[in-house]
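**Student:** With chain E held as given, fit chain G onto it using these hints.
Number of protein chains: 2
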Amino acid sequence: MTQLSERLRSYITRVAGLVDGYIYARVHGEPEELYNAALHLIRAGGKRLRPVIVVATTEALGEEAEKALPFAAAVELVHNFTLVHDDIMDRDDFRRGVPTVHKLWGEPLAITAGDLLYAKAFEALTDARDKGVPAERVAKAVRVLAQASSIVAEGQAMDMMFEEEEYVDVEDYLKMIYKKTGALFEASAVLGGLVATSDENILSSLASYGKSLGIAFQIRDDILGIAGEESELGKPIYSDIREGKKTLPILYALSKLEGDAREKLEKVLGNRDAGREELEEAAKLIKEAGGIEYAEELARRYVEQALAALKVLPENEYREMLEELARFAVSRTR
Amino acid sequence: MTQLSERLRSYITRVAGLVDGYIYARVHGEPEELYNAALHLIRAGGKRLRPVIVVATTEALGEEAEKALPFAAAVELVHNFTLVHDDIMDRDDFRRGVPTVHKLWGEPLAITAGDLLYAKAFEALTDARDKGVPAERVAKAVRVLAQASSIVAEGQAMDMMFEEEEYVDVEDYLKMIYKKTGALFEASAVLGGLVATSDENILSSLASYGKSLGIAFQIRDDILGIAGEESELGKPIYSDIREGKKTLPILYALSKLEGDAREKLEKVLGNRDAGREELEEAAKLIKEAGGIEYAEELARRYVEQALAALKVLPENEYREMLEELARFAVSRTR
Numbered sequence: 002m003t004q005l006s007e008r009l010r011s012y013i014t015r016v017a018g019l020v021d022g023y024i025y026a027r028v029h030g031e032p033e034e035l036y037n038a039a040l041h042l043i044r045a046g047g048k049r050l051r052p053v054i055v056v057a058t059t060e061a062l063g064e065e066a067e068k069a070l071p072f073a074a075a076v077e078l079v080h081n082f083t084l085v086h087d088d089i090m091d092r093d094d095f096r097r098g099v100p101t102v103h104k105l106w107g108e109p110l111a112i113t114a115g116d117l118l119y120a121k122a123f124e125a126l127t128d129a130r131d132k133g134v135p136a137e138r139v140a141k142a143v144r145v146l147a148q149a150s151s152i153v154a155e156g157q158a159m160d161m162m163f164e165e166e167e168y169v170d171v172e173d174y175l176k177m178i179y180k181k182t183g184a185l186f187e188a189s190a191v192l193g194g195l196v197a198t199s200d201e202n203i204l205s206s207l208a209s210y211g212k213s214l215g216i217a218f219q220i221r222d223d224i225l226g227i228a229g230e231e232s233e234l235g236k237p238i239y240s241d242i243r244e245g246k247k248t249l250p251i252l253y254a255l256s257k258l259e260g261d262a263r264e265k266l267e268k269v270l271g272n273r274d275a276g277r278e279e280l281e282e283a284a285k286l287i288k289e290a291g292g293i294e295y296a297e298e299l300a301r302r303y304v305e306q307a308l309a310a311l312k313v314l315p316e317n318e319y320r321e322m323l324e325e326l327a328r329f330a331v332s333r334t335r
Numbered sequence: 002m003t004q005l006s007e008r009l010r011s012y013i014t015r016v017a018g019l020v021d022g023y024i025y026a027r028v029h030g031e032p033e034e035l036y037n038a039a040l041h042l043i044r045a046g047g048k049r050l051r052p053v054i055v056v057a058t059t060e061a062l063g064e065e066a067e068k069a070l071p072f073a074a075a076v077e078l079v080h081n082f083t084l085v086h087d088d089i090m091d092r093d094d095f096r097r098g099v100p101t102v103h104k105l106w107g108e109p110l111a112i113t114a115g116d117l118l119y120a121k122a123f124e125a126l127t128d129a130r131d132k133g134v135p136a137e138r139v140a141k142a143v144r145v146l147a148q149a150s151s152i153v154a155e156g157q158a159m160d161m162m163f164e165e166e167e168y169v170d171v172e173d174y175l176k177m178i179y180k181k182t183g184a185l186f187e188a189s190a191v192l193g194g195l196v197a198t199s200d201e202n203i204l205s206s207l208a209s210y211g212k213s214l215g216i217a218f219q220i221r222d223d224i225l226g227i228a229g230e231e232s233e234l235g236k237p238i239y240s241d242i243r244e245g246k247k248t249l250p251i252l253y254a255l256s257k258l259e260g261d262a263r264e265k266l267e268k269v270l271g272n273r274d275a276g277r278e279e280l281e282e283a284a285k286l287i288k289e290a291g292g293i294e295y296a297e298e299l300a301r302r303y304v305e306q307a308l309a310a311l312k313v314l315p316e317n318e319y320r321e322m323l324e325e326l327a328r329f330a331v332s333r334t335r
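Chain order of the listed sequences is E and G.
Counting in our numbering, the first sequence tops out at residue 335, every number present.
Counting in our numbering, the second sequence tops out at residue 335, every number present.
Excised from the complex, chain E in its bound form (with noise of 0.2 Å):
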């Protein structure tokens, strides 16, 4: 993350410490082997963006980071609860620079231990009580992050579902990754937002921040998977190539390529046994038909919307972080 401002970055380090170790204070129990493997993604890294999210609006807002502890961790907790489940469905190998839980523990456990992650989401949620957050405004935290989830299950099924369409238009794509995304970010933002305040013109602003830069994030991830550095993502590109996603890039080169080219193309998505070559080859077909580029100006779109709705929030350094964490959700190269 060597793009962001001094400041931020020590701000996300400052952050993803104390959520960390609310995590791991949070999260433990027998059998071993079970929180091991539930904890395994979190140990391996990860951005901590969404805490991070929820902790600068509450500061944002005139309240302490610890306030926000507890929900900082649920969106974490959710967050890398989808990551279990969506590498066992999407056969992944690899995260994170580390095997996968279901390669390492074997599927059954790795459901487990995502539902387990989820459980403990909603129990850390609760913890805001003793922190001194309203019953009520507790309880409307619960009500945000369940709605997420079951939006985030919605996506992952429109995901596996646009896998075996012939033809997926823009604006269901962006619905899709709305959903599959985007939702969790919104939570984020609302829940930083819950922690000090039940103003419902504030939280809605922070909800269209949070799914605006979160559609953004996802489009931007789109591009990484066909135009990032393997070496920086820590996980093998052209997997959306080869399972067959239909990501904006691959979406907008196909409503543009024609002949050879297309039908080159065509070969290769969804082909799970393309091999490297072949994969290099649709990614420059991706590339010339100008599909990054297209994906690039839709992105900072979205960010333009994400900045405007900050306007909210008093001025002030964390708004500024917000502002800044936005602009990152497109630049970012990992």
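If you're looking for bench data, these hints aren't it; they were derived computationally from the structure.
Be aware that a few hints might be false.
Note: identical chains are not told apart, hence a pair may lie in one copy or across any two.
Straight-line alpha carbon distances no greater than 20 Å define the calculated SDA-like cross-link-like pairs of lysine to any residue that follow [unchecked claim]:
#: 1; residue 1: K132; residue 2: D274
#: 2; residue 1: K265; residue 2: I238
#: 3; residue 1: K132; residue 2: E167
#: 4; residue 1: K176; residue 2: Y36
#: 5; residue 1: K285; residue 2: D222
#: 6; residue 1: K48; residue 2: G291
#: 7; residue 1: K285; residue 2: A136
#: 8; residue 1: K176; residue 2: E34
#: 9; residue 1: K176; residue 2: R8
#: 10; residue 1: K68; residue 2: D170
#: 11; residue 1: K176; residue 2: H29
#: 12; residue 1: K257; residue 2: G245
#: 13; residue 1: K132; residue 2: D173
#: 14; residue 1: K176; residue 2: P32
#: 15; residue 1: K68; residue 2: A26
#: 16; residue 1: K176; residue 2: E166
#: 17; residue 1: K68; residue 2: R144
#: 18; residue 1: K268; residue 2: T14
#: 19; residue 1: K104; residue 2: M162
#: 20; residue 1: K288; residue 2: A228
#: 21; residue 1: K176; residue 2: D94
#: 22; residue 1: K132; residue 2: Q148
**Tutor:** Chain G alone, transformed into the frame defined by chain E:
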């Protein structure tokens, strides 16, 4: 459920109707395929014992059934979520007389359908605010259900690990079934209590009722897995033997049998290719060793504990039905 009194049978029918109506009104959306997968087992049947415990407990404490429906729906949703994931892990093809979710929709969608039910359970919990349950008690209910869900995951992991162990002692077995089954019954009784009261004395007695009933219920399940009638169960028996599950009757038989008989039993336990005749032979050995009687005796003792704990409730028809439910847990044939 023909062994039940007319009164309890019609109460179960009434509550099941209310809870099912609540669930169907609450759980719908897109993609339709995901929601169909998620609701499949609920539509296929089930006894709705957990929601009945929630509602009867609330009514025993003088509150209206209507107010308890969000919590009742939540425990049924969590229960069904665990069934969907357990069937994947256990590779079971049938439940409630119909093919399991992953058999019909595939594993990836089944995992996601389970995740969706989980999220919907916590959404449903927060509906209790709209029914007038105080926010403080709703937050408490979230903690209770989330903790129970964590414990269920621990129990599921223990259960899987037992399959690989040579020797499991009865104490560990009872701990596992408390976690896997007892914890959600425990939460059901507590949630029913929370609709009406914050009284810690009442809530902890209710916990004890649900926990003891749940353990008795699971022991009965293990008995039926060896000595039940397939036609009544709606699923194949002997799967515990085939999968090498260390259930109470099996553990007892292993501790009693020696020589040839023990060797014969051990050869079939965990042998997924075992034929019908071998399975029947193994079941016979377990029965002759006294495994069924031993398990029945232990289950009866838990029922006694459940009945004693109910004394905390006022004497009325709802308490009587809760008592009958506890006795039913160990006499049921399906």
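**Student:** Each hint: holds or not?
**Tutor:** Do the hints match the structure? See the list:
1. For a Cα distance limit of 20 Å, the shortest separation of K132 from D274 qualifies neither inside one copy, at 52 Å, nor across copies, at 55 Å.
2. Proximity of K265 and I238 under a CA criterion of 20 Å is satisfied intra-copy only: 19 Å inside one chain copy versus 53 Å between copies.
3. Taking the shortest Cα distances, K132 and E167 never come within 20 Å of each other, neither inside one copy (51 Å) nor across copies (46 Å).
4. For a Cα distance limit of 20 Å, the shortest separation of K176 from Y36 across copies, 17 Å, qualifies, whereas the shortest one inside one copy, 34 Å, does not.
5. Taking CA atoms no more than 20 Å apart as the test, K285 paired with D222 passes inside one copy only; the shortest distance there is 17 Å, against 59 Å between copies.
6. In this assembly of identical chains, K48 and G291 lie within 20 Å of each other by CA distance neither inside one copy nor across copies; the values are 29 Å within and 57 Å between.
7. With identical chains, the CA atoms of K285 and A136 are never at most 20 Å apart, being 54 Å at best within one copy and 56 Å at best between copies.
8. When the C-alpha separation of K176 and E34 is checked against a cutoff of 20 Å, the pair qualifies only between copies, where the shortest distance is 17 Å, while the shortest distance within a copy is 37 Å.
9. Taking the shortest alpha-carbon separations for K176 and R8, neither the intra-copy value of 34 Å nor the inter-copy value of 50 Å comes in at or below 20 Å.
10. Proximity of K68 and D170 under a CA criterion of 20 Å is satisfied in neither setting, with 42 Å inside one chain copy and 44 Å between copies.
11. For the homomeric pair K176 and H29, the shortest alpha-carbon distance between copies (17 Å) is at most 20 Å, but the shortest distance inside one copy (36 Å) is not.
12. In this assembly of identical chains, the alpha carbons of K257 and G245 lie at most 20 Å apart only when taken from the same copy (17 Å versus 57 Å across copies).
13. When the C-alpha separation of K132 and D173 is checked against a cutoff of 20 Å, the pair qualifies neither within a copy, at 41 Å, nor between copies, at 36 Å.
14. Taking identical chains as interchangeable, the C-alpha atoms of K176 and P32 lie at most 20 Å apart only when they sit on different chains, with a minimum of 12 Å there against 39 Å within one chain.
15. Proximity of K68 and A26 under a CA criterion of 20 Å is satisfied intra-copy only: 16 Å inside one chain copy versus 36 Å between copies.
16. With identical chains, the CA atoms of K176 and E166 are at most 20 Å apart within one copy only, with a shortest distance of 16 Å there and 47 Å across copies.
17. For the homomeric pair K68 and R144, the shortest alpha-carbon distances inside one copy (19 Å) and between copies (18 Å) are both at most 20 Å.
18. Within a single copy, K268 and T14 get their C-alpha atoms no closer than 44 Å, and across copies no closer than 56 Å, so neither meets the 20 Å cut-off.
19. Taking CA atoms no more than 20 Å apart as the test, K104 paired with M162 passes between copies only; the shortest distance there is 17 Å, against 24 Å inside one copy.
20. Proximity of K288 and A228 under a CA criterion of 20 Å is satisfied intra-copy only: 8 Å inside one chain copy versus 65 Å between copies.
21. Taking the closest pair of Cα atoms, K176 and D94 never come within 20 Å of each other, the shortest separation being 27 Å inside a single copy and 34 Å across copies.
22. For the identical chains of this complex, K132 and Q148 are inter-copy neighbours only, at 19 Å across copies versus 23 Å inside a copy, given an alpha-carbon limit of 20 Å.
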